[in-house]
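Undergrad: Listed below are the residues making up each chain.
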Amino acid sequence: MLSFNLLVIICILYTCLMFCIAFWADRRAERGKLNWLKSPWVYTLSLSVYCTAWTFYGAVGYAVRSGAEFVVIYLGPSLIMIGWWWSLRRILIIAKAQRATSIADLISSRYGKSSILAALITIIAVIGTTPYIALQLQSITQSLWVFSQVESGVYTEQESSWIALGIAIGLSLFTVLFGTRSIDINERHHGVIMAIALEALVKIIALLAVGIFVVWGISDGPQDIMAQIISSEIIDKEQSLSRWSVLIVLSACAFLTLPRMFQVLIVENSDIKHLYTASWAFPTYVMLMSLFVIPIAVVGLKYLPSGSNPDMFVLTIPLAFEQHGLAILSFLGGFSAATSMIVIASIALSTMVSNHLVMPIWLQMQSERAVVSGDVRKMLLFSRRIAIFTIIFFGYLYLKISGGSEALSSMGLIAFVGVVQFLPAIIGGLLWRGATRVGAILGATIGFIIWGYTLFLPSFGLGIGFDDILMSQGPWGIGWLRPQGLLGVSGIDPLVHAVVFSLLFNSCAFIFGSLISFPSPIERVQAAQFVNLSTRLKSSLAWSEVLDKGEELLAMTQRTMGAQGAQSLFRAAAHHQGKEGYIPDITPEFLELLERELSGYLGSAMAHAMLVKLIGGGEVSVDDLMAAANEAAQLVEYSSQLELKSEELHKTAGLLKDANQKLKVLSEQKDEFLAHISHELRTPMTSIMSFSAILRAEAEEGTLDESTLTKFSTIINDEAERMTRLLGGLLDLSRLQNTEISATKEDIDLVELLEQAISYNYNERVDHELTIHIDNNDIGEKLYSNKDQLFQVFLNIISNAQKYCDAKHPRLKISAQRADDEYIYVDFIDNGTGIAIQDQAQIFEKFTQLKHKNPRSGAGLGLNICKHIMQNLGGDIAYLPAQDGAAFRIKIPRKS
Amino acid sequence: MQKRLLLVEDEPNITQAIGYLLAREGWNVDTHPDGGSAYNAVLAKKPDVLVLDVMLPNKTGFEVLAEVRKNADFKDLPILMLTALGQKKDREKAEGLGATEYMIKPFSNAVLISTLEQLYIETRQHSLLNHPS
Amino acid sequence: MEPRIVKPKPIYLERRSYRLRRLSEGLLFLQFLTFALWILPFLWQSSDTRGLNTILWIFGVWMIAIVVSLVINRILHVSDNDHAEIGNPPDSLTQNKSSEQDNAEL
Chain B
0 MLSFNLLVII CILYTCLMFC IAFWADRRAE RGKLNWLKSP WVYTLSLSVY CTAWTFYGAV
60 GYAVRSGAEF VVIYLGPSLI MIGWWWSLRR ILIIAKAQRA TSIADLISSR YGKSSILAAL
120 ITIIAVIGTT PYIALQLQSI TQSLWVFSQV ESGVYTEQES SWIALGIAIG LSLFTVLFGT
180 RSIDINERHH GVIMAIALEA LVKIIALLAV GIFVVWGISD GPQDIMAQII SSEIIDKEQS
240 LSRWSVLIVL SACAFLTLPR MFQVLIVENS DIKHLYTASW AFPTYVMLMS LFVIPIAVVG
300 LKYLPSGSNP DMFVLTIPLA FEQHGLAILS FLGGFSAATS MIVIASIALS TMVSNHLVMP
360 IWLQMQSERA VVSGDVRKML LFSRRIAIFT IIFFGYLYLK ISGGSEALSS MGLIAFVGVV
420 QFLPAIIGGL LWRGATRVGA ILGATIGFII WGYTLFLPSF GLGIGFDDIL MSQGPWGIGW
480 LRPQGLLGVS GIDPLVHAVV FSLLFNSCAF IFGSLISFPS PIERVQAAQF VNLSTRLKSS
540 LAWSEVLDKG EELLAMTQRT MGAQGAQSLF RAAAHHQGKE GYIPDITPEF LELLERELSG
600 YLGSAMAHAM LVKLIGGGEV SVDDLMAAAN EAAQLVEYSS QLELKSEELH KTAGLLKDAN
660 QKLKVLSEQK DEFLAHISHE LRTPMTSIMS FSAILRAEAE EGTLDESTLT KFSTIINDEA
720 ERMTRLLGGL LDLSRLQNTE ISATKEDIDL VELLEQAISY NYNERVDHEL TIHIDNNDIG
780 EKLYSNKDQL FQVFLNIISN AQKYCDAKHP RLKISAQRAD DEYIYVDFID NGTGIAIQDQ
840 AQIFEKFTQL KHKNPRSGAG LGLNICKHIM QNLGGDIAYL PAQDGAAFRI KIPRKS
Chain L
0 MQKRLLLVED EPNITQAIGY LLAREGWNVD THPDGGSAYN AVLAKKPDVL VLDVMLPNKT
60 GFEVLAEVRK NADFKDLPIL MLTALGQKKD REKAEGLGAT EYMIKPFSNA VLISTLEQLY
120 IETRQHSLLN HPS
Chain R
0 MEPRIVKPKP IYLERRSYRL RRLSEGLLFL QFLTFALWIL PFLWQSSDTR GLNTILWIFG
60 VWMIAIVVSL VINRILHVSD NDHAEIGNPP DSLTQNKSSE QDNAEL
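Protein sequences, first through last, are from chains B, L and R.
Counting with numbering that gives the first Met the number 0, you get residues 0 to 895 for the letters of the first sequence.
Counting with numbering that gives the first Met the number 0, you get residues 0 to 132 for the letters of the second sequence.
Counting with numbering that gives the first Met the number 0, you get residues 0 to 105 for the letters of the third sequence.
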């Protein structure tokens, strides 16, 4: 028997899997390994967030109640995706160009970045989406309840409410964790999208599996199913043409305007080319999602006891046939559908709420100083997190108050009608330059009110929403104000009624508001930008048509001389002509002025040519002028870049001066160094020459006795060895200095660099048997420093150990540890005698080699150079006393 | 009368070589390995010829040279700078400070001996001329 | 200095871009045609099998639309990758801009 607890565990494990995937994908994205996170397939799958639990479970119930109509909500989106080139692509291009972060952002930026409009759209979206979230939570608790029924009802209503709350909290956490990790300029969430894509796969596999089980497991294949469908009553449900076509259009529009769809379609889109794939792959996905809906409905009706909830057939059929694995898969499919919707919707809504509701209010409350500081970012993240919790909690609250029930199941389509109220503002904004902010606000408000009045409030049922009398007789007995019979229209489907009337009044108000109002300059420029894209696709406007359209001229001038300059120029000219606002009459005087001004930016020839073309009219299109202005803007930018460059040159000259100064010092140091070297070489040479001459003279005179010979030749030999060592040291040194040193810092893998240095040394002297051991976990540190210079230091220390470690079995232990946030220590400890205490202080001085005291002393240069290098890199090198042998500690800054 | 020479040199092998060499030529060689106390050694030994290394512990040969020359008693003392510093500016510095001869290491034994002999003879003649007693 | 207005392009490229534009218009046509076909069953005579036929019809139209869309999008995609200019230059300019922004974000 299937244990209910097992199901809860599976549920939790599945959620954990989603966390892991999201985490993993975010990590990859952070490291820039985006390759297939950016795949069109992930994009396509993420679009399936359109298919919520409402469609996963509800489609079958819908089919039982209304026959084939369930399919329309899939047909609309399919149409949009098939014809993407003409709708989605334009919105995508404009949204990217405007860097729109949400649908509210896009619409408000079209209408002059109006914050009122953005807030209005945010509020509508929140009101429309909250019940939808409640619906998702309900579907999860309901499906859990179905399972608990199998286990003879161990779980009460109270418990189901707790489960819903638990799910709400878990999802909020997930969304906060992966949806608000940072404020990204593109608002993209790779982790979330990856998890959603995986959930999309689970969804479709689950539904297909149940479908296949129904067709081939329970029935005898397609033929049998066909026969069952024909004999079933659901196929004979009468369809209404109006409802059918309105629903197709409605779902198509909602596909574009739902906040969560805008999020995945537009905001999370990383490449417009993904649509080439999604255009056919997404219709395929939704087609497969609906393929088995009718067979499942028919089989459910036939085999399950009458009175079973058809909304849960997807789950109850496998359970009834004791297919527990399939039932769990199906449950996970529904769970995926619900969670992906909640996560994306709450991300989209929280962005809107924080950007358009919380931040404007917060910023008004702040002093200017606070706005400049980094508080904004923190506040933004914080408000987003709070918004996510609040939105999901509202969903839960809504579920609790409405008590689940019938009211919720119709919420899907009702929400569609709600968000479709944005459409006139979007379409109008894209196609009609005359559309204004006032029109958009008016239209959306009226559409929203009518939607609430005719559809949303009545959906609560008679008890909670409107009472019976109001529904049947209208407010105050005015019949033509009846919520479902406006203007005396009666007998049509309430949904169709609501769609038609809300959009009709919305559009009328939008057009009316636009006609009577006057747009601000920013709005005009934005309008030109939004609409331009579409006019470009059609024929270019002839310039003569444009002459009386001052805003184009303003837009063009803005591109050339910047928004502020252009606006003040135009305003001044208009003022001079005795006009209010920013658009003067296009008089010869004004053109002359404009030419003068523009020539400052474009050069007089270019400005003149532009304006001559302009006055000559006929041939030149707006686009051409826009393009020319764009080029000019690029020129201006280029010249300002040149200015920047000359500034850079100045800086570089300063740097060179510094470098020169350093070189001078270096050259002095070099002289000093050479003098030292010469001294160091001459000293043993003196002894050698002197003694060898003595020996020769003595030999000639025949006065040489055995002991003197031994004594002198030993001295000669010792001194010769000393010279050899010195020369060896010089070779090391030249090798160190010949390694090309670049000043650039880069990311360094410490272990890798150490290994390079070690192998370099091994190559040099194979005869030395130094065992090198790299120790400690912290050695996996990444550093940001100069690789070549660090390499030199490591090389020197290791080769020192090779040369001077006097242990029988020389060993060198290298270990690293993080000192604090700023530094990392790398210790090199060998097992030799080490360096005597009195000498430790001077080993880093130049030429204070430990002559005579340590028989194996070297040139005494390497450590000095190491010290210099490390100090230049912002670190240090020191002798570490009281170790087993010679021990050096290198201190490296972790960051630059 | 023995020719007395003070060698201020910190390299024991070089000291040994020069000591051996000059002993065979009949010199009485005193050695001193430290720059700091070299002047005191000069005061104590009153050599006929002083040989000074430059790179000495505690005080450079140049400093010792200046110290010695400050004392009027030693203004005629022949001083040979015997050093590994071969640059022209070092030689000039030594001459400026009053060195009688400047010789760069490594040296030829024969040249060293003849130079010292000559220095010795010159000073003897000089002092005989000035102080005929 | 004359402003650059229209840059003459090689003829074969014009032809190709012409073809691609027609293809993208084909997508629009496909969209409306599919919509019309999905409404078509309402004009059928009612019969015993009308319900089932409606369903089969809808799914059939769906699949054909998907296949046609696949073919057109493939062609458009391939030529887009070849840096062919689809549509008007200003339009592809905008597109380039947005993809440049994308690169900068990586």
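Quick caveat, the hints were computed from the structure, so don't treat them as lab data.
All values reported here derive from a predicted model rather than from experimental measurement.
Some clues are possibly wrong.
Claimed, not checked - Calculated cross-link-like contacts (lysine to aspartate or glutamate; reagent style EDC-like; alpha-carbon spacing at most 16 Å):
#	chain 1	residue 1	chain 2	residue 2
1	L	LYS2	L	ASP33
2	L	LYS88	B	GLU671
3	L	LYS88	B	ASP787
4	L	LYS88	B	ASP670
5	L	LYS87	B	GLU699
Undergrad: Now tell me if each hint is right for this structure.
TA: Quick rundown of the hints versus the structure:
1. L/LYS2 to L/ASP33: violated, 22 Å
2. L/LYS88 to B/GLU671: This hinted pair holds, its Cα atoms lying about 12 Å apart.
3. L/LYS88 to B/ASP787: violated, 37 Å
4. L/LYS88 to B/ASP670: holds, 12 Å
5. L/LYS87 to B/GLU699: Since the Cα atoms of L/LYS87 and B/GLU699 sit roughly 36 Å apart, the hinted pair is violated (cutoff 16 Å).
Of the numbered hints given earlier, the model fails hints 1, 3 and 5; all others are met.
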